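Trainee: One letter stands for each residue in the lines below.
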Amino acid sequence: EVQLVESGGGLVQPGRSMKLSCAASGFTFSNHYMAWVRQAPTKGLEWVASISTGGGNTFYRDSVKGRFTASRDNAKSTLYLQMDSLRSEDTATYYCARHDWYFDFWGPGTMVTVSS
Amino acid sequence: DIQMTQSPSFLSASVGERVTLSCKASQNINKYLDWYQQKLGEAPTLLIYNTKNLHTGIPSTFSGSGSGTDYTLTISSLQPEDVATYFCLQRNVWPYMFGSGTKLELK
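Residue numbers (my numbering), protein chains in the order written: chain A, 1 to 116; chain B, 1001 to 1107.
In isolation and in its complexed conformation, chain B is listed as follows (with noise of 0.2 Å):
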């Protein structure tokens, strides 16, 4: 199986903060790779699919980059509303596997 390692597993930012996230996988994933955001208490939702496609009404200030085994999502200016924990997924080869998550939180 493919193993997916995020960092930081927390990380806390100002709001306006420029934030990275950062995910890792043991082998190339073609880019098949998205990222979800999970609010506390609340079913993950998607915000970027295929490594920087930006799901319908996801704001622009959030980006995605990469390419082979090393992925980043960016947050271009940290938002409240942006506290959640955030999740990549690789899904170019069975079983899809999901990183650890990392937690954002506000400073």
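Chain A with its partners taken away, still in its complex shape (with noise of 0.2 Å):
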């Protein structure tokens, strides 16, 4: 059963950083590249990064690239997101899911408050 778990998130200053990960299981991990997804509170979903099999290639929307970093470590089965310069808007709950083309397995999500 294809299990995505994250964890890490909580609440954050302004300006300051927060590293986000997901723990994957019951599948080949380092086969399949891995996105993360995100939603403000009582909005949509917002795709936010995405990441190759290898981790060599990665993929941001405009309004996080230079400050979010995609990557992950196939030996260890787990995808990051290393959040920097954080701001007000980047206050959601943040998803892993794999990327196989589309999103077909999901984790619960972690939330991520960026607040004074």
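Some hints could be false.
Coverage of chain B stretches by chain A, computed from C-beta distances (three or more under 8 Å per stretch; other residues unrestricted) [unchecked claim]: (1) 1017 to 1029; (2) 1091 to 1103.
The following residues of chain A were derived to be distant from chain B, with all beta-carbon distances above 12 Å [as the list claims (entries may be wrong)]: (3) GLN13; (4) MET18; (5) LYS19; (6) LEU20; (7) THR28; (8) SER30; (9) ALA35; (10) LYS43; (11) SER77; (12) THR78; (13) ASP84; (14) SER88; (15) THR93.
I should point out that these hints are in silico values taken from the structure, not numbers from a laboratory.
Predicted, not measured: the structure shown is a model, and the values here were computed from it.
Even glycine gets a Cβ: it sits at the ideal position worked out from N, Cα and C.
Relying on the hints, combine the two individually framed chains into one complex.
Mentor: This is how it looks when you write it as structure tokens:
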């Protein structure tokens, strides 16, 4: 059974950093692209970033480019999202998703609140 | 960026009713259109990919169609467990863009 579990969310001040993790199991992690998708409170879904199987290629939406970095450790079957220079508009639930062209499996999400 | 417009934003329908949700792209997305279901308090789940292909385990009451800029999700007979918000997603070009969603409730 495919399982994705995010962690690392919480309350952080504007301008500070936070690192999210996503532990994967139930499939060969190194064979799949992975992605981060976020959802602000009571809002819609927003694709944030995707990363290739080996981590050599990353893709970001413009609003996080230069501030967020997606990475992965295939030996640990874990996906990461390093978030720097956080802004209030980054407040959201962050989901990791397996990215097999489409997003076929999702984790339950971790909430990030950016506030002073 | 490609803009995705979903309509209606809110829909109320009866059990057993046929329901149609619409998603319109601001430019041709070559059928790279997926549909996701999100129940209250839960993560989204994939329903349909590439316009018309049902994801594993999705009942055949769901179907998708469309081409170019216009796409449709149809529920042939609405069930209570279908109450959710439905989002479309284009992945023809980066950045991938979701629609704003259609919230489906029972009448």
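Trainee: Look at each hint and say if it fits the structure.
Mentor: So, going through the hints one by one against the coordinates:
1. 1017 to 1029: violated (count 0)
2. 1091 to 1103: holds (count 9)
3. GLN13: 27 Å, holds
4. MET18: For MET18/A, whose nearest Cβ neighbour in chain B is about 20 Å away, the distance exceeds 12 Å, so it holds.
5. LYS19: 21 Å, holds
6. LEU20: For LEU20/A, whose nearest Cβ neighbour in chain B is about 15 Å away, the distance exceeds 12 Å, so it holds.
7. THR28: Answer for THR28/A: holds, closest chain B Cβ roughly 17 Å.
8. SER30: 21 Å, holds
9. ALA35: Violated, because the least Cβ-Cβ distance between ALA35/A and chain B comes to about 8 Å, which does not exceed 12 Å.
10. LYS43: 8 Å, violated
11. SER77: 19 Å, holds
12. THR78: 18 Å, holds
13. ASP84: 20 Å, holds
14. SER88: Holds, because the least Cβ-Cβ distance between SER88/A and chain B comes to about 21 Å, which exceeds 12 Å.
15. THR93: The assertion about THR93/A is violated, with a minimum of 9 Å to chain B.
Comparing the model with each earlier hint shows violations of hints 1, 9, 10 and 15; every other hint is respected.
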